[in-house]
Amino acid sequence: MFQYIVRRLIWAVIMTLLVISTVFVIFFVLPGGSGRNIEGAGKCSSPIAIMMAGRNPRPALVCNIVKRLGLDKPVYVQYGRYVGNLLQGDMGYSYHSSEPVRDAIFRRLPATASLAIGASFIWLVFGVAIGIVSALRRRSFMDRASMFFALVGVSLPTFFLGLVLVFLFDGRLNIYNVASYQPITSDPVAWLKSMWLPWIVLAYVSMAVYARMVRGNLLEVMGEDYIRTARAKGLREKSVTRHALRSALTPVVTMYGLDLGILLGGAVITESIFNIPGIGSLAVDAISNQDLPTILGTTLFAGVFVIIANLVVDIAYASLDPRVRYS
Amino acid sequence: MAQEVLLEVKDLHVHFPTADGLVKAVDGLNFKVLRGETFGIVGESGSGKSVTNLTALGLIKRETAQISGEILFKGQDLLKLNSEELRKVRGKELAMIFQDPFACLHPFYRVGDQLVEAILCHEKMPKKQAAERATDLLASVGIPHPKERFRDYPHQYSGGMRQRAMIAMALVHNPDLLIADEPTTALDVTVQAQIIELIEKVKTEFNIGVILITHDLGVIADVAQRVLVMYAGRGAEMGTIDEVFKSPLHPYTWGLLESIPRVDSKGTRLVPIEGSPPSLINKPAGCAFHPRCPHRFEKCDKEIPAMQDRGGGHPEACYLSIEDKKRIWAEREARRTKAAS
Amino acid sequence: MDQTMTQAASSQDPSRGEPLVAVRNLTKRFPITKGIVLQKEVARVHAVEDVSFEVYPGETLGLVGESGCGKSTTARLLLKLIDATSGNIFFEGTNITKLKRREMRPYRREMQMIFQDPYASLNPRKTVGSIIGAPFTIHKTEGEVKKRVQDLMDRVGMNPEHYNRFPHEFSGGQRQRIGVARALALRPKLIVCDEPVSALDVSIQAQILNLLEDLQDEFKLTYVFISHDLGVVRHISDRIAVMYLGHVVEVAAADELYQNPKHPYTAALLSAVPKGHTDTDLTQRVVLTGDVPSPIDPPSGCVFHPRCPKAREVAGSAGSVPENCRTEFPPLGEVSRSHLCACWYPLKEGESLQKAAHA
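Chains as they are written, first to last, in our numbering: chain A, 1 to 327; chain B, 1001 to 1341; chain C, 2001 to 2359.
Only chain A is shown next, with the shape it has when bound in the complex (with noise of 0.2 Å):
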């Protein structure tokens, strides 16, 4: 078990590595000329320095871009001083603010956060107790009924779900506003009162996919022999679902894991439905500023997220289920 969790973590590492280089990649080596040239930047034409640069730009500004950055080097150079930055925690400073990209990021995360747990906390509870329910009381009107409700859920798209609800509560019924987020520090009723709906929009979905996931799976294992085996030794009923849902939820585990990672490197469309100040829609307003540091700090952000998630995922499967702590 030591072994396997040594090797995950070498894995992780890894490919945080090669998240950062592909995203080095992506946003230093590829962009070739980007059609603007500052007359009289010379030896500094560097698409990317034009690019920070803003608008109209003065040459002098690009040239001091190109020294700052170091564009000039070579790149390995360059690369080698983007990861020590890196590595010392500096992602640079944001174009359009002039604040650290890595401040803006952590100042927004708690928003982020604040939605992607309570809204995935409510579809697991949710997805998972009426997936339970429908395969246990498969083909009664509960099961039917939550079946309908989910098949809506998974054919319902966020945004137009998020737009008709924000229509509805917001400028009919007038019982929500949207763009009201308070920091649950500040006032945690506040809190409670911008989030609820942005939590049902987000879980909806993913909480129909998750009843649907789990019924179905505990479908399946309620066939395997090993549950019949139980039932012939004489378990009460009670210990032969536990015995199947054992089985049936630990596939969850690793979904939900892997949903919430994706989650807490921003909810890019209802961040944005909902004007919550979180990481998705800092990337947005990033993206639409043409603010490269922080567009760069965004995805690294994400995807190092989405590195942890599958390092828990792994690491908590492997504590489930023998057969793969055991090879």
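It is worth saying that the hints were derived from the structure and are not from the lab. Ideal placement from N, C-alpha and C gives every residue a C-beta, glycine not left out. There could be a bad hint or two in this list.
[What the hints assert, rightly or not] Dumping the calculated PhoX-like pairs for lysine-lysine here, alpha-carbon to alpha-carbon at most 25 Å: (1) B:Lys1124 <-> A:Lys238; (2) B:Lys1092 <-> B:Lys1124; (3) B:Lys1299 <-> B:Lys1283; (4) B:Lys1326 <-> B:Lys1338; (5) B:Lys1088 <-> B:Lys1147; (6) C:Lys2100 <-> C:Lys2147; (7) A:Lys238 <-> B:Lys1080; (8) A:Lys238 <-> B:Lys1032; (9) B:Lys1092 <-> A:Lys238; (10) B:Lys1128 <-> B:Lys1088; (11) B:Lys1080 <-> B:Lys1092; (12) A:Lys238 <-> B:Lys1127; (13) B:Lys1088 <-> A:Lys238; (14) B:Lys1092 <-> B:Lys1203; (15) B:Lys1092 <-> B:Lys1032; (16) B:Lys1092 <-> B:Lys1061; (17) A:Lys238 <-> B:Lys1326; (18) B:Lys1010 <-> B:Lys1124.
[Said to hold, decoys possible] Some chain B residues judged to face chain A by a derived CB distance under 10 Å, without partners named: (19) Leu1057; (20) Val1089; (21) Arg1110; (22) His1155; (23) Ser1158; (24) Ile1179.
[What the hints assert, rightly or not] Residues of chain A clear of chain B, computed beta-carbon distances all greater than 10 Å: (25) Ala12; (26) Ser21; (27) Gly70; (28) Leu235.
Please build the complex by placing chains B and C on the supplied structure of chain A, with the hints as guidance.
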């Protein structure tokens, strides 16, 4: 013989309604199993041999099946018990082992814990005591290093060991009747021999009854005292091993015996049964075997023959006269020995 | 390279002419790798070890053994579905071991395979006609494909009118007939049958076995027949090779092998088979103890020595085995005419293992 009747199945019908029609898996079945004997049930897939026993254990969902008849276990009709009463019998007085030992143990729980669980669900005792009993049982079914093996997971066991563990699990409460459903089919020949020997040992040691369900006539002939041949949900022939294998009276039994390549003599050409087993939804009228039977006559597609002794010494379900049966089997035997020499 | 074949073929029987297939020192080891970036080989599954045998035209060679003995791997090596680690395969005297895909093509049509699970080996979305007819199009044989397919269907005992049906519309036995027809389509010389009747009910099994025999007579086919069912193998085979843990331990004519097994493993295997309606006493059975060892870490010397009752008898105590059994694998040598056995202490004529086991 004044042996105790452990299980008596009377006119059992198990039908499953499906979208395609009513599947008549078991359709009027009668047999008895005595204490201290190994009772073999042979038949091909779809003959109803497994469904019968799953029904006895209450492992067929009553909502999905139409069940009628009686299954008397030590005088008590299992079909009349509610699910909790049935659960108390299951695993305690009536135990079952299945075909595929690879799939029959839960992969996430230690083998020992699965045994302990089986002990504790019928008997209150401290967990430690249950664990000791489980370890003893593992040892008694021939698992080496039972203490260490207790803590292993099923995937760390070989196929033969898993089947041994399954047998240990079936024995935790000294059941009166052990139902073994194709217990050796998934195992290699040499391991199969070990498991059969173990089941035999257990039967004698605990003086229990064993129902051995298999498609392998060789296994049956080696270990069973009496045998029931099933075809399409009904009994075709029932008797002692010698009666059924030496002087069979039913054309289906003849066909089975002649289709099997023998290990002990260089076979001549096999005589297969023509056609394939019938659909359980649209069974042929009359005797379900008649479309494949080379000896059929007018009566065969009119009425279902009852299983009874027609003078041949043991019950069978075929309309041919006893003289005809003896003559035809003698002829078929003669043809075979002639071809072999 | 043709020389190699004759040289190594110590066991070759001159009276039977040239073998159709000859296998020389065939070895297949599947590597087990560990490591994160650089895959390091930590162990090997010894699936097939130094196997040599030949198959003569028109005969059926049975390949028996328990699961994991390497019989199916041998079949796949023979058809070059996987590549051998070492050793050579000769088809009609030509070494086909190293042939490239295109060079292999003319040989492919001479060697076909029938699989165990008829359903899994048939594409459920294709009609029976196109499944059986596929080889014609692959190998660009012109002619009226449909007519030839229907002839084939008729030949294997199917209704030719069912040309447009799908595999799921057939029973297990009928599906296996489809598999047979497909293998037969290009009139191959060799058909490797990998447990072709194991998934079928006994009454259907007999139909398929008879069909295979009829086709062999009609088309002069040569079979390599793999099965774990010793009754079936005896019935259909002319000669039988017994495998244990990747090694061929005994080869002999079917009757000779069953009546007069020389290798203790063969004897134990045969005694373990339920004899059915004979009056053999259960106590005469030699029950081998333990399971087949792992092919990842096979025992030293003779791979059977840890379970071998005969070795214990020779050593004179239950706990020990002779030195050579532990240290050296016995060569597959002729113990009597055309009867090969790989054992340091083969059973003598009439010697029964039961006594050995109880001594």
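Unmet hints by their number, sorted upward, for this structure = 5, 6, 8, 17, 18, 23 and 28
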